[in-house]
Structure formats: structure tokens, C-alpha cells
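With chain B held as given, fit chains V and E onto it using these hints.
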Amino acid sequence: MTKEELEQKQSSDITPEVIGSERAILERTWDNGKGFYAWLTDCNHKSVGIRYIVTAFIFFVMSGSLAVTMRTQLMGPENRILGPDMYNQFFTTHGTSMMFLFAVPVMLGMGVYLVPLMIGTREIAFPRMNLYSYYLFLFAGILLFVALILNIGPDAGWFAYVPLSGPEFGIGKRVDVWSQVVSITEISALAVAVNIVVTIFKQRAPGMSLSRMPLYVWSMLVTAFMIIFAMPAVMLSSTLLSMDRLSKVSTHFFNAAEGGDPLLWQHLFWFFGHPEVYIIFLPATGFVSMIIATFARRRTFGYTALVMSAIATAFIGFGVWVHHMFATPLPQLGQSIFTASSMLIVIPNGVQIFCWVTTLWLGKWNIKAPLVWIFGFFGIFVLGGLTGVMLASVPLDTQLHDTFFVVAHFHYVLIGGGIFPLFGAIYYWFPKMTGRMLNNTAGVVNAVLMFIGFNMVFFPMHILGLDGMPRRVYTYATETGWGNLNMLATIGAYVMAIAAIVFVVNVVYSFLRGPIAGDNPWGADTLEWSVSSPPPTYNYQYIPEIEGPNALWDMTKDHAVVTGLHLYSRELLHTTIHDASPEKRHQTHGPSIFPLLTAIITAGGFITFMFTPWSVPTAMFLSAVCLFGWFWSNSTQHRPPFASIKDNLIYDDGGVPREVAI
Amino acid sequence: MKTDVKTIVLASFFIASGLIIACEREERGFRVKTPDSNRINSKEVTTFQAGETAPTPVIQNQYEDNALALSQGKQLFSQMNCVGCHAHGGGAIGPPLMDDKWIYGSQPEQIFATIVEGRPNGMPSFRNKLPDYQVWQLTAYVRSMSGQAPKDAAPGRDDDMQMKTPENSTHTQKPKNAAIPKSAEAPQ
Amino acid sequence: MKRRQPARGVLFIAAGLVASSCGGRQSAVDAAGIQAERLESLWWIFFWVTAVVYVVVMVLLIVAFFRNKRSNEEERPDTIPDPTRENRATRIVGGAVAITVITLFVLMITSFRAGRAVNSLGEKPPDLSIKVTGHQWWWEVEYQDEGNPSNNVTTANELHVPIGRTVKIMLQSNDVIHSLWMPNLHGKKDLVPIYPTTFYFEADKPGNYWGQCAEFCGYEHAKMRIAITAESPEDFQTWLNAGRRTPPPPSDGTVESRGRDIFLQSVCAQCHTVSGTNAAGRVGPNLTHIAARPYIAAGSLQNTGENLEAWITDPQHIKPGVYMPMNQYSDDDLLALTAYLKSLK
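Protein chains in written order, with the working numbering: chain B, 1 to 662; chain V, 1001 to 1188; chain E, 2001 to 2345.
Just chain B, with the same shape it has in the complex (with noise of 0.2 Å):
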């Protein structure tokens, strides 16, 4: 058969009734049941993305308020709001929250939801260890805030420097809960991030080449591999802490007079600690260009250069580590080094800024919130950036570093570079997750509110760290004269909270009863606008075949689908890794209890661990035991009823359909 007669076949083949009764079947396929069991089991990518979504912005709510409550003891000088021990814990955990609980799990949750959708599947390659990886983030999340309700929270920074943080000088569990924070969600980050990888590569939409993809699909591929690569030092230094620090153990990595090192502490959590910004940063550069992209109504511009901005931002990004180091007794040369290396790393970062304008200034604009929320992000992460050319150099950080002016910094950058994107995306996505539109006069109040309220906080901090005032005070002396500042400072962040608010009420309210949204309210490019809103479960009943660059503003009335996907198992299409030509078939997994469960003995092993060294033997046990019955389950998975041959027809790069055996 020729390649037009298969098509011819296949076309005449589809018929409205075909497609209707295919639906049903597929929709009873892909079900995954109703009630509290169906809950907890469900590895759906969309309800697995949105609860990590929702849970981080939980999380966020509570550091917030962590902060605001800092801020109000800064407001003036010696205040006594808070003593320093509680100060203390506030501020770790905020910054533990944030960074851990928080920013990466909302953008590894929207990774979760909107990659397959844009790649063109029906479901992310290992769902199980998607479910997985969010009750383990969930029971970190539980735990430290926890620890923190029962004074135990932890103390000693969230980057934890030894010696302080160490056996003599950490005192009590509160620095074992930190470490095993950040090993739990390091873990379950990781997992996200295989996940992500093995999805792009695998299981994108013929046609869909690595050059035609999304440059948000680019920018969490490229995220994973940060992940990959930078989470295990975080974990090797939690670990190493955790050891030195727990009885029966007590090795000394970070002693000194016994041949270890407390700088070495600072080499390798730094070695995550900067890539870990950056795995922040990059999914909102990936937000930043699709938002861009439909509401200046054409293609990014400069394409391949934002691909290799990524990707040079992810390699150089490995490489700049020691500029958190300047004050250090480390040799001059050494750090002038990484002076270099964080300049360089600009370069790619204003390639990508450069692009965005010009986007910008040759589309035409269709202004609503998430634009407005873009225009937040130029102003603020630019600013930033910048504040960021200051520091890289080794002199000019002597002055700066360890002040109100680094967190000053790290705000612009990270709240104004990821958090501005991700209101903007979350505006952006909702009537695809929810089928509901956010209100959009209320999206521009709360962009604008956030705005004048993050720079009314930070913008002072800038002076105020120029002025001598140093980071992580629980309190300042009157004779400083920083109070007005500071005043300042903690108005905003009341504003901020105001705009906060203004964000869930309206989330809320759009959520049970804001307008209906069509399948394409944006009018914009990628795959997942082609589908209902919210998406049903398998998202594609028939996968479309990818003609262009832009996937749906290329994509013609006749454009060819895959047909044939068995419909009584999950099934979904492998494609090759280059050119997403069509492979193989796969099955995929339904709904199962032991991501759970093993989440709770890995949880349980980690904080047990604060207490033992036997809770790793014991922990490993357990989990194999679970492990046995999640990949038995494969074993007793959906078999397709025998089908004939021609059902299995699958259009082949070379033209000649090939007839594939079940």
C-alpha cells in the first residue's frame, strides 16, 4: 500500500461515529475512578501537576507569612516582635521553603502538566514516579513546617554553613530537619526530572524535531539535565552533615582538626546552590517566550538562539559557584576566575533579553494579564541581572556580600526572573486547567499591586546594604539610622501580601465560578490549546502529526493524526529522539497505591534517620518491599484484546506503512 491509499484507508476509515464511539471507549479506558482510594492513587500527569501546584503555593502562602512576619520586627530598631532564636528559625525556613518547597516545585509541577501536553502524549513517561516524587515533596514540605510549629525548626541559614550548623555548634535535631528537607525534596526532584527527560525524548508527536519544539519544552529539558546533575551535590552535602552530625555515626567531613574541611561544606553546596537558581530561572524563560510568542501574535524571534542561551546558561551555570564564596580565605586568583565565568554567564541572559524585546517590538500586542505580568518581569529581573554584574566582581563584593544588598538581589532575580513569569503563566494556563478564565482586570491589579509592592521592599534593601546593614539581623540599633528604610521595606511587604490576596480570591472565585473558557481563549500556537479545557485525561485522542514550527498556527485543516493507538489499554507512541519519527507503542501505567506507600517509607526512613543510623537498613528493606509490588503490578497490566492486524498500521518516516505486531 502506498502511502496516499493508507492515508485515503485511514481518512475514510475515521468517521464521526468511529471518532464518538473510540472516545467512549477510551475515556472508560483511561478512567481512573472516583472517591478517597482513587485520590490517593491517581498518576495522572494533569491532577499529579496540579497538586504540586497547588500544594507549592500553599507552601508559598506560609513562607510569606513567614516573611511579612519578618519584616514587621524589621520595621524598626530594636524591635521585639520576635527574639533572635525565633528569628532565627523564620528566617531558615523561609528560605528553606521557598527554595526547596516552593520555586522549584511550581515549576517542575507546571513542567509536569504542560510538557506532555505540548509535546503531543497522552501521559508522562513514568506516572508512578510523578506521584511519587509529589508525596515525597508534600511530606517534606509537612515536615519542616512542622518542625518549625514545635521549635524545631531549623536555625542555622538555609544554606546551612558548618561549623555553625555542625555537632558542636547546631544544637538539637533543628539542622537534621533541614537536611532531611532537602535530601527528601531532593529526591523527589531528581525523580521529576528523569521523568521530564525521558518524556521529551521519547514520546513527542511525529514531526515535532528537536527544532520544532516548544522553547518552553526546551527550557524544562534543559532544567531536568540541571537537576540531574546538580541535586546530588546537595544531597551528598545534607548527607555528609546528617552523618557528622548523628550519634553512632559522627564523621568528621566538616572538622577540621581531623582532616576535614568547613570550606568544603561551602564548595559543595554551592556547587548545587548556584545551578539550583538557575533550574529556578530557566522554566520561567520558558514561560516568558510562550506568553511573548501569543500575545505579541508572532513566533519568538531568535529561536535557535534562545535554545543555545539555555543551554549555555545550564553549562556556565555550573560553573560559577565560588562567587557566593568571595569573602572567603580563598586564593585571589582562584575567585578571579569565577568573576569571569559570572560575567560570562550574562552573555546568554541578555541574548535571551535582546530576543524577548525584539519580539516584542515587531509583533503587535494584545495586552492582558499575563503580558502584564511580562512587563513586571523586564522591569524587575533586569534590575536584577545587573545588581548580579555588581557582585561578580571580587572587590566590589567584599562590600556587598552577606548584606541587605545580596538580598536585595537575589529577590529581583528570582522573584522578578521566575515568580513574576509564573503568575503570568499561571494566568496564562488556568482556563486550560481549570476551563475557567481568570478575571482579567483583577490579573492586572494584582500584577500591578506586586509590582510597586516587591520594589517597595527590595529597592531600599539595596541602600540599606550599601549602608552597612547586614543580612539575617534579627534586629538593628537606632542609631543607624536604617529604620526609614526599613519602614519602607515593611509597607511593601504588606502590599505585597495585599497582592497575594488579591491572587487567591481571584483564583478562587474565577475557580467556581469565573466565565467558561473555549479550547483556544488565547488564540495561541502550542499543542495543548488544541484540546478541550480542562484536557481529558488521555489529552489526545487521535496524537497530531507536527507540519511546522508553529504547531498549531502552521497546522492545516487536513493535517495528518495517528490512528490505530489501542483503545481498551493506555497506550501512547514513542518517537525517535531527533526527529520524532514514529517508533514504537507503550504502555503506560494506571492508577496505583505503592507511590504512596513507598513515599512514606522513604519519608519515614529520612526522619527516622534524624534519630538513627538503623532507619537506612531498615528504610531500604521496607522500600524493596514496596518496590516488589510496584513493578509486580506490571505483570498483571491492561493486555489489548486481539486485535487485527490492519488496527495496527503505523505511518513510517520512509513512507511504507510498516505493520506492527502487538
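Here are the simulated SDA-like pairs of lysine to any residue, each with C-alpha atoms no more than 20 Å apart in a straight line: (1) B:LYS364 / E:ARG2088; (2) V:LYS1151 / B:THR612; (3) E:LYS2069 / B:GLY523; (4) V:LYS1164 / B:GLY260; (5) B:LYS364 / E:SER2071; (6) V:LYS1129 / E:TYR2329; (7) V:LYS1129 / V:GLY1118; (8) E:LYS2131 / B:PRO329.
I should point out that these hints are in silico values taken from the structure, not numbers from a laboratory. This structure is a prediction, so every number in the text was calculated from the model and none was measured.
What follows is chains V and E alone, placed relative to chain B:
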């Protein structure tokens, strides 16, 4: 979305219960009132009292489970030069403190009395040289040297040359003599 | 952009606030010495270059906002952009990237040169060597005289330096990582246990400045300050000579002598040193010349009798978590004790 609240509520029971026991250990009592040391009296030379016999008060060391107190006690042990005679528990001029032999008793109030009153053959008296609550901290630490402090509250290894097993890894040396030893009894 | 207009009002307020806190005794942009001057010049160079870049990018966006045609969701997107415009845009972006690279390179070289200049002060032998040891939460300061160790002066939480002379500071830590930062005089340097390090500076303007610990070190990191006095070489030598003298013992029968007895017989001597007496404790700051210090409690309190009394009785109220215990003295005893301390000039 409301189901996520369920997750959080449910799963919090897993963690909260295990950590409830932590409250004592993690107290950071900077401004403290410790049990009135005047009531400690091991120099009682007779149990005969005029009138009704008042029960002997049992003084508890509130710091036994407290990680901050044990850590401060360890610092004080070096700073007050206890190491000069007792080394790091192994003993030198003074008797070892990490074994199961307690000449003047191993109970907290007995150790407190030993430190405050001094003892024959070289143990100086620290009365009025240290505030009472710091003596209680030292007491708690001294007990931890023979493994009698809870392992999760006892200090870990020093950032220093390893002189001995850290207190949080020490095997518990149950004191040989439970009752007041003959040597600590009032002279007849 | 529309929303920038309300920001203008804020800018006026902000300018006023900035003016009220610029400069001062703990400021990196109010240099009082050559090292800080080099760093301040570097700061201004970086500031102006990056400010120009920021303004250019924002202006581009604002101009784009106003000149741009609007559209909506239904309008057909531009899937095949005009190649001429694309090529021109590519050239412009390429040019911008080239300018960025050159700017960064220039900034990098400027930074290297400033770093070399700062380090150059250490190339000749210093006029004065001071050893600073960081403790949780106070600074131990020792003026060293290599030729004659009995001329060493140990003090705490204060630094006196002669103007116009090169001072070498040697740093080490007793416990955790601290960081000595005197913004008016030099950048900060971390005190890392087992990594002794040095830096060199020179004060050029007489005055009183503040330094503060800049690496989180525990409960009272916020109140670990050091008072720096830059004075003429003559005044400095007077101060140093006074420091080398042992204060004379108080005459018998005076309230100061009773205070000294209390000091030696109670808790104080366990942790503090006063030269000329038996008090040789090394846990807390050296108190030999405490009356000559402007501040106590690592810069938290002015050195007055009332503050001394408050500090001695309840340091945990002023600096919760500090290692100095609360003490109970009768009113008379407390008065005698503070009288004695005030006599230690």
C-alpha cells in the same frame, strides 16, 4: 483542589506524632529559673526532725532532656577547666566521669552538690562562682558523659580532635551504686 | 508603561529616604580610607554603567509599548515574518550582544585592576599589626608587638587605628564562621576556623566608625559590632600606652576595692581577665581597660553605669542567647562592682 487540604491534614498525622516528643529537647530557655538550690541538702547529718518529718524534696534537673543545656554544659566543662582534672571524662588527677563508679552519687542533685560544695582531695567548690542554672547545665552534661542523657539531646562530636566517643554515641554506663554510696553518707 | 506613573510619587519619597540614610559611620559609600575609596570608585563605575544599561532596556520597552499596534486573540498571527525585518533585527541584536560582551569585558578588567590595587597595600610591611579573633558574639582584639610581646594590648570590641598608617589585620575564629566588615575602611573578610587570613587597610579620615559581623553566626549575630576609632598617630600612641599600663589597684576600704573583691570572689573572674589581678578567665572579653571603651556588649550599649548594671544582672534581656549568665547581686554589691569597673581606665 479542596482534596489537597485533605492530603495535608491526613499526612500531617504521620509526622506530627513522631516529633511531639521533641518539645523538651528543643527548648531554648535563655532566661531561666532553676530549682532553688538552697533546698538541696546532702549535708544532712541526721534524719531526726523536731515535729513532723517533712519529706525530703526530690529535685529534678529540668535540663536533663534539654539539648541547649547539655551543649552549654559541655562548653562550661572546658571553660571552667573541669578538663584540667577530669580530662574529657577519662580522669586524670580527678576521677573519671564516664564510668559507672560514682564516689559521691550519680543523681543530679548529688552531682550538683559535689560541684557546689567541693569534695575532699581536690574538688574545688564552685559555690558563688557559677550561677545555679549553669551548675545544673554542668550536672546534666556530666551525666551525659556516662551515657545517661537521652541520645537525641546529648551533644555530638566536637569540632576538635576526637578525644572520646561523642556523648550522643556513648554506651550508657548504669551507675554501680543506686543508693547513696557510703562515702557520701553523713558521718556518724 | 502606564503603571510607572504612580511610581513617580514613590520615587520622590524614596529619594528623601535615601538621602536620610546615605553616608554615615557604617557606609560603604562614605570611604574613610584608601581601600574603601578604591571600592567606592569601583561601585560608582559599575553603578553608572549598569544604570545606563537598565535605562536603555526600559526605554526600549516603553517606546515599544507606545508605538506598537494592538491586536487580539482572533487576529491571525504572523507565522512567516518579513525576512528583511528579521535580518535587520538579527543584526541589531547581534550588535547589542557585542556591546554587552565588550561592556562586560571592560567591567571585568576594571574589577581585576581594583582587586590588584586593594591587594597591593599588603606588599610593603605594615605599620601596625592587629590580631582579631572572632568569638560568638564578640571580637577579641590584640595589638601585637613582635619585638616585645609584653607590649601586647588585648582589648575587645574596639579598634583604634592611627590615620595614614598601614594596618594589618590578622583574622581567626574561635568557634564558627564570622566576618569582619568595616564598610568605611575595607571590604569584609570571613573568619573561618583553621583558615587564618589577613587584610590590610589604611584610615585617612579621623572619626568613629562601626564594623559589624557579616556572616550569620548564631543568636546574637545582629549585635556583634566593633567600634573603630581612627585618630592621629599621637592620640593613638597615647591610647596604646594606656592600654599597656596595668591599672593601679584601688585603695583599701574604698567602694572600688570592695567591688574588686566581689569581682574576684564571685562569678566574674571565672570568665574575664583583668591584668594585675588574679582574674585570668579567657571565656569572655578582657576587661582590663573597660572604662575606656565607649560601648559594652559588643557595641550594643553605651558604656554607662546604668547600662553596666543592667548588663551584669540580666544580659539575656539585652542579648538573648549570649553566653554571659544572669547574675544576682544585692544593690550595694552591684554598685561596688560597677564602681570598680568604671575605675579600670
